[in-house]
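Novice: Sequence:
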Amino acid sequence: MTDGRFAGSRRMTASMSPRAARSRDKMLRAATELIVESGPRAVTVDAVAEASGVAKSTLYRHWSSRDEMLVDVVRCNVPQLTEPDLSVGFVDALSAFLASAAAALSDPEWSRIIPTLMSLRATMPELSAVVDADRSAKTETLSRILEVGVAEGAIPADLDPLDVEKLLFGPMFFAAILGEHDRVEGLAAAAAERFVASYA
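The opening residue of the sequence shown carries number 975 in this note's numbering; numbering runs sequentially from there.
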């Protein structure tokens, strides 16, 4: 499990004492491993406490319930993408954004946890809200990149960012689910190149 996937956890613990932050991180990592290995039902307070080596009383100081903890597990496992520098121009900004996504989705752990995250999203509205908010933020970033492309005359102004998002991210996401991690980076580069070329 890579540290990059827990960037969200580090942001949430920024105001905590180092000891509290470490215990929270241990519990989130343990809960993630339990989900990956045995599914959401395996994530009980007792199981997380045992797997993390952190007392149940400490867990309840961070979360009031198991479901509240699961929300943070999902939040910490949502890929964090680097905001591109729009001043470099449309093609380079788009390529950088897709490369950032490829780096996140190339993590082998993702092929293990993505199906479970999608399943949880369908059964817990509060988890769905976390995923939807993250997607909206990424769509807004893509929209800003497309606006640069429109201003440069590289692409038409009537493109739907949601459709473009599916075209660009779909191949990478599918490869990640299949466990073809060595192909994700190449797919990102090809998606950017072909998208730009289609309007040349």
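Keep in mind the hints are simulated off the structure, nothing from the lab. This structure is a prediction, so every number in the text was calculated from the model and none was measured. Do not take every clue at face value.
Claimed, not checked - Below, computed lysine-lysine pairings styled on DSSO-like, alpha-carbon distance capped at 30 Å:
1) 1140 <-> 1112
2) 1030 <-> 1000
3) 1000 <-> 1140
Unchecked claim - Quick list of simulated restraints, FRET-style, between CB atoms:
4) 1056 <-> 1105: 25 to 31 Å
5) 1132 <-> 1089: 30 to 36 Å
6) 1156 <-> 1054: 19 to 25 Å
7) 1141 <-> 1012: 32 to 38 Å
Just so you know, even glycine gets a beta-carbon here, dropped at the ideal spot from N, CA and C.
Novice: Please go over all the hints and tell whether each is borne out by the structure.
Specialist: For each hint, the structure was consulted:
1. 1140 <-> 1112: Roughly 12 Å between the alpha carbons, so the hint for residue 1140 and residue 1112 holds.
2. 1030 <-> 1000: holds, 13 Å
3. 1000 <-> 1140: Between residue 1000 and residue 1140 the Cα gap is close to 34 Å, so the pair fails against 30 Å, i.e. violated.
4. 1056 <-> 1105: 25 to 31 Å: violated, 20 Å
5. 1132 <-> 1089: 30 to 36 Å: holds, 35 Å
6. 1156 <-> 1054: 19 to 25 Å: About 22 Å separates the Cβ atoms of residue 1156 and residue 1054, which means 19 to 25 Å holds.
7. 1141 <-> 1012: 32 to 38 Å: Holds: the Cβ-Cβ distance is about 35 Å, inside 32 to 38 Å.
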